[in-house]
Amino acid sequence: MYSEQVMDHFMNPRNMGEIPDANGVGEVGNPTCGDIMRITLRIEDDRIVDAKFKTFGCAAAIASSSMATELIRGKTLDEALAVTNRAVAEALEGLPPQKLHCSVLAEEGIHKAIDDYRARQGAPEASGG
Amino acid sequence: MYSEQVMDHFMNPRNMGEIPDANGVGEVGNPTCGDIMRITLRIEDDRIVDAKFKTFGCAAAIASSSMATELIRGKTLDEALAVTNRAVAEALEGLPPQKLHCSVLAEEGIHKAIDDYRARQGAPEASGG
Amino acid sequence: MTDGGRRLVYLDHAATTPTRPEVARAMLPYFSERFGNPSSLYALAREAKEAVEEARGRVAAAIGAAPEEVFFTSGGTEADNWAIKGVAAANRKKGDHIVTSSIEHHAVLHPCRALEKQGYRVTYLPVDEFGRVEPGAVEEAITDKTILVSVMAANNEIGTVQPVAAISEIAHDHGVLFHTDAVQAIGAIPVDVDAMGADLLAISAHKFGGPKGTGALYIRRKTRIGTFMDGGAQERGRRAGTENVPGIVGMGRAIELAVGEMPQNAPRLAAMRDRLIRGILDAVPDTRLNGHPTERLANNVNVAFRYVEGESILLMLDALGIAASTGSACTSASLEPSHVLTACGLPPEHAHGSLRLTLGHRNTEEDVDYVLEVLPGIIGRLREISPLTPER
Amino acid sequence: MTDGGRRLVYLDHAATTPTRPEVARAMLPYFSERFGNPSSLYALAREAKEAVEEARGRVAAAIGAAPEEVFFTSGGTEADNWAIKGVAAANRKKGDHIVTSSIEHHAVLHPCRALEKQGYRVTYLPVDEFGRVEPGAVEEAITDKTILVSVMAANNEIGTVQPVAAISEIAHDHGVLFHTDAVQAIGAIPVDVDAMGADLLAISAHKFGGPKGTGALYIRRKTRIGTFMDGGAQERGRRAGTENVPGIVGMGRAIELAVGEMPQNAPRLAAMRDRLIRGILDAVPDTRLNGHPTERLANNVNVAFRYVEGESILLMLDALGIAASTGSACTSASLEPSHVLTACGLPPEHAHGSLRLTLGHRNTEEDVDYVLEVLPGIIGRLREISPLTPER
Ligand SMILES: Cc1ncc(COP(=O)(O)O)c(C=O)c1O
Ligand SMILES: Cc1ncc(COP(=O)(O)O)c(C=O)c1O
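Sequence order for the protein chains is A, B, C and D.
Numbering-wise, our numbering puts 68 at position 68 of the first sequence, and it's gapless, one number per residue.
Numbering-wise, our numbering puts 80 at position 80 of the second sequence, and it's gapless, one number per residue.
Numbering-wise, our numbering puts 53 at position 53 of the third sequence, and it's gapless, one number per residue.
Numbering-wise, our numbering puts 135 at position 135 of the fourth sequence, and it's gapless, one number per residue.
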């Protein structure tokens, strides 16, 4: 059902945890649907120097958060905002159709965390969704 | 499906054929239903001295005619008329429910042949059915 | 073939076929080892799921379909019931009329009758003396209320092959769905859903060397059809019930073998068939061939012997180790003559004397010799017993 | 149990069971040797027919029925579909209302929904927090239009055993037929059609050591019910389709074994069940038992872990060779939390974190040890990953 990449990121999640001095935080999903992701970012000079996640959800949700944080680490905010849910799913060697929403959730979590950072900086919002 | 007695009377029918100088003949059944029996009797002094059958039909029909002719040979007419379809079926160690009509046909064939004999003798009919 | 030393010549392959040993072997691991429920998540279950999908691919390949158009069922009867009742229910607003033939299997006719009781109307098309449906008759029968035309690919009793491509074209010209019962056709004639113009097509594994209790319904993409078996989300939510994994695996193997071997097998069976037909008609007077002289399944022999009754023939053959049939096995408990033979215009007494011999890939020329050796004597004996036989 | 050297602890017997080797062995001859079609006439066919009837006798004996009240189907789903749709169709003049529970298997719920689309009305009774239907609620729900009450004998997810005798009595007091889905009950609790007051009762072979794709519907004599599968005259004209002879033979063997061994097996499973429940609740905080504390199947463990999601648990268990489930296997592809747990009042996030372990007769105390050894660590790990876990 799941690719090797998904299973690897599920069994050995990268960047799991919470950044204590995060300056961008995004939480998406809701418990009714069985998926919640909390992304914490440490952003310096417009660049993501650290990204961590905590996820309540299925293997695809955990793997998507793990992969998404991997993909944005070290990237500028604009580069990070360009990481789509498709990029996450592709980096995971694909997701089953009924699990694609997990990669969407990861994208949303990152956008929300960056929005939060920009809001804290008094900057305009990064994205419409 | 069939008892050993049925199979024996089907594979080795007794009294098969037609009595050339029969004095009682009964034919029952019709080809649409797939069963026709023709019973020929030689009756002397109110006693069946010979009985033969020809049958178009299934194994149960052939076995019923064979058994029925066996049962009535040597019997008086009244004794023969008392041989019921149940007696035929019992002598055959039973018939499947959907094949019971074959034994009924054998009983009717005998009655019809005896009726025919009595009609030829100018006697009253033997039975109502 | 022998059965405990006793000779066994099995000539009833239209009723059922032995599961081919290689098919049974392929099924075996899925009973007690790879026994997972395909709907579950763990490795054992994924293994089962993969086996089901591999089988689906094989079935699809064999009939020229896409895998996602193949839905596994419990057999040909379920596939036919689903096709007919499912189309009727889902298209009720469009219309209430079904066109079928008078020689369909009961798995088609009886669902049609059930629908008639619910207010649907059904036209049962007549056939010619060889059992063929005239495509022109389909054209005439279709009304603006017609929602389905269902004509079988080949008949199970007399082996007549129907002009389904011509019939489906007419149905489609009128925007009407076309279903074909191809249960007898797999491995015997080419079956291709596009060439046949089938929107729905029913098959059954035990007719081509697979196990009993497994079949499939082909459903062309976008065909309007309701569910028949409601429950779990198996078969993409369209046919509920835990998958019969071993049966499905067996069906996949069997159809691949049957269709793969058809180019060699069909001509061999046809040669044996023709030798049987010629041999019987030559040796036994007052006998006729039922069904079409040329447009018939390679394995089907069906002859009517006058003056004798079929069950008697069967039992005498059985006593000599020959397994045969007198019409559809499904109706052998009934007293009525075969509806197929009657529809072909055979008078009941001839229909009662009909014998069906259907060949399979285990049969040999010796089997044919043996039948030709013993059958004329059996008919002779029964004719001696019969009061209908004319004196000579 | 090991699988190619890898440890395999199968704890999903409610989803399906391995076919017992002695059952598979009993089935084997009916594939390629005794392969006759039971409807045919010759010796080979009679042999198959006898095997089917012998199996029918075994099934009947196991549930306290007469053989002629047992009808073979393709599984539990077909048996439930037939019971519900068949009663609805045959009693339409009498009424249009069905009473069932909100925790039935989808094989009952979805036929009910299909009937609702046809204009029937269905009452889905609530359950208490342990998943029990209150017999009094049945009494209240019945109207003079009620034609069927259908309440399962035992639930497949939480193992709760229902008071079916009390419920059927109420149904009968009102002249209403009673159906029970006993798919999970065979071999686990006593099943007797008279004691349960069942007019109809569904079972499925693959849940008690038999093969997938075979089930049966018990129909009490004189019960008004239509046919579901129309076609040939099999099963005395009430369920068409060539019989799945090997499957039926397997079902007969399996039910005899399962019911015969129940007195020894059930207490053994119950002891393992209780050790699992206690062990899990003791080792893992913020965990609750789903289902009834005492009125539950001997083999069912179902616990809700807060802050984590079920699929993750399953996959981590799978990586360690433990096969389990998070609710009904049939619905594992769905994103919605289990309708059963929701009906018991569990909030969705707790329902999402539920784990079902169902024991079978191959399981050992070592299997229990192993689960208790690894499960707390898995939950701990997932809770570390989860943003919902409270800081301690
Ligand atoms: C033409 C045809 N259709 C349908 C069926 C029914 O198939 P099954 O026996 O798998 O239910 C049969 C065989 O019985 C058949 O010959
Ligand atoms: C309670 C219950 N009813 C019905 C079914 C359906 O049975 P089957 O899988 O044989 O179709 C199941 C199992 O899936 C079940 O657990």
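Hint data in this document are derived by calculation from the structure and do not stem from the laboratory.
Careful: at least some of the hints might be erroneous.
[To be verified] Below, simulated SDA-like cross-link-like pairs (lysine to any residue); rule was C-alpha separation at most 20 Å, straight line:
hint, chain 1, residue 1, chain 2, residue 2
1, D, Lys117, C, Gln118
2, C, Lys49, A, Pro96
3, C, Lys93, D, Lys93
4, B, Lys52, C, Gly321
5, D, Lys49, B, Lys52
6, C, Lys117, D, Arg268
7, B, Lys52, C, Glu391
8, C, Lys49, D, Asp318
9, C, Lys117, D, Asn91
10, C, Lys117, D, Lys49
11, C, Lys117, D, Gly175
12, C, Lys93, D, Gly175
13, C, Lys117, D, Gly119
14, C, Lys49, A, Asn15
15, D, Lys93, C, Gly119
16, D, Lys93, C, Glu384
17, D, Lys93, C, Glu116
18, D, Lys49, B, Gly94
19, C, Lys117, D, Asp318
20, D, Lys222, B, Gly94
21, C, Lys117, D, Ala89
22, D, Lys117, C, Gly321
23, D, Lys49, C, Arg383
24, B, Lys52, C, Ala233
25, C, Lys49, A, Gly94
26, D, Lys117, C, Glu391
27, C, Lys49, A, Glu44
28, C, Lys49, A, Pro97
29, D, Lys93, C, Ala114
30, C, Lys93, D, Thr227
31, D, Lys145, D, Asp192
[Said to hold, decoys possible] Which bits of chain C does chain D cover? Going by a derived footprint, with three or more residues having C-beta under 8 Å, they are:
hint, stretch
32, 203-215
33, 251-265
34, 308-320
35, 343-354
Keep in mind the model is a prediction, meaning the values are calculated, not measured.
The beta carbon of each residue, even a glycine, is placed where N, CA and C say it ideally should be.
Query - Structure-inconsistent hints, enumerated in ascending order - result: The structure conflicts with hints 3, 4, 5, 6, 10, 11, 12, 14, 16, 19, 20, 22, 23, 24, 26, 27, 30, 31, 33 and 35, although it agrees with all the remaining ones.
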